[in-house]
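Undergrad: If you want the building blocks of each chain, they are given just below.
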Amino acid sequence: MLKRALAIITLLIIGYWLAQGLAGVPFGEDKMLVGQYYLDNVKEQTGAVNAVTAVVVNYRGFDTLGEVTVLFIASTGVGALLWKRKKERTAETQGSIVLTTGTRLLVPFVMLFGAYIFIHGHLTPGGGFPGGATIATAFLLLYMAFVQYEIPHKAFEKIEGAVGMAYVLVGLIGLAIGGYFLFDWIWQTWSFGTENIGRLISGGFIPIIYTIIGLKVGTELSGIIDNMVKEEVNE
Amino acid sequence: MSALTAIGEVLVLLGTFFYILSALGLIRMPDVYNRMQTATKSATLGSLGVIIGVGIWALGTDFGSAAWLTKTIVIAVFLLLTNPISAHALIRAAYKSGIPLWEGSVVDKYREHIDAKTTETETPEETPEEGGEE
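Chains A and B supply the protein sequences, listed in that same order.
According to my numbering, the residues represented by the first sequence are 1 to 235, in order.
According to my numbering, the residues represented by the second sequence are 1 to 134, in order.
Hints are computed from structural coordinates only; laboratory data are not their basis.
Just so you know, not all the hints are guaranteed correct.
Said to hold, decoys possible - Here are the computed lysine-lysine pairs in the DSBU-like style, where the Cα-Cα straight-line distance is at most 30 Å:
1. B/LYS96 <-> A/LYS87
2. B/LYS96 <-> A/LYS230
3. A/LYS230 <-> A/LYS3
4. B/LYS41 <-> B/LYS71
5. A/LYS87 <-> A/LYS154
6. B/LYS71 <-> A/LYS43
Next comes chain A alone, as it looks inside the complex:
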């Protein structure tokens, strides 16, 4: 009781302190310094209509590489923590027939939608991470509905590594052509799709990077799910 009361009082003090700090920040006013630059130049410099993905992939591409690395480390860490010599799925009850049939019908559409999200990263909200998570959701659905289902490990682990390398490779090509890492060579050097701003074939290397990230995130999260639902079996 005393512990709980102390915790509540501490949280209230911290909350009041944060609110005091935030009270000095004016809302609803134009406070953009760098933001205005992004909004003014995003179309000419990157070809993307979606300013967020342009910032994430083009202006601040290095952070995205870091995020992908974090995800990769998370996936590897889960794999290392839950490593057992022999693991199998030990789920006992198959999903009901309604669930399995529904899953069978839905999974292709969920995957299609995930691919749609990451291919259209430069046009619509979303991008590689939501798209990849949607694809992983399709695999989660398969895991939940079927007792026996397992992802094709060989292919998944290879795709995961290959697309991770592809991201770095795209950045290194930029380094070779434009002078710095993750330089958008497709847009800046080739001017590919410059007349097409707002359509699918535009946006420099944003669609390419996001396809890479989408595949990477999708396979990684599926791998994490796979590690988590399996249990050790003793012979």
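Chain A is fixed; fit chain B onto it per the hints.
TA: Relative to chain A, chain B alone:
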């Protein structure tokens, strides 16, 4: 205000009305199964009304295009397919985990079915007791 706008507005109103009904059902109904019944059915219908209604409403305005209606129809079909399946899975999981029926329930054929199965195979399975603890 064109006819399309009016139709869309009426559909959205109907949809929100069904949303209210489904929220009411959540409060009013006595047990999990009845609640799921009201919540899923009327919420699905309400969502369909609102979603399709927004698509048609947008057609009637000057900024609207057919893209709105296409997108809303895709969303509506997806919802129409997934909502009953999720409700089915939830109810089945609730029954399997032993949540009792409402005390006023008179017949539970599913339990009889499970009992008949378990006497055949001689492997007793946990089934929820009839008659709830309210």
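Undergrad: Look at each hint and say if it fits the structure.
TA: Do the hints match the structure? See the list:
In summary, the hint linking B/LYS96 to A/LYS87 is supported, as the alpha carbons are separated by about 27 Å, within the 30 Å threshold. Our distance criterion of 30 Å between C-alpha atoms is met by B/LYS96 and A/LYS230, whose separation comes to about 22 Å. Taking the CA atoms of A/LYS230 and A/LYS3, the gap is near 38 Å; set against the 30 Å cutoff, the hint is violated. Restraint check: the Cα-Cα separation between B/LYS41 and B/LYS71 comes to about 22 Å, which is no more than 30 Å; the hinted pair holds.
A threshold of 30 Å between alpha carbons decides the hint, and for A/LYS87 with A/LYS154 the separation of about 16 Å falls inside it, so the pair holds. The straight-line distance between the Cα atoms of B/LYS71 and A/LYS43 is roughly 26 Å, inside the 30 Å bound, and the hint therefore holds.
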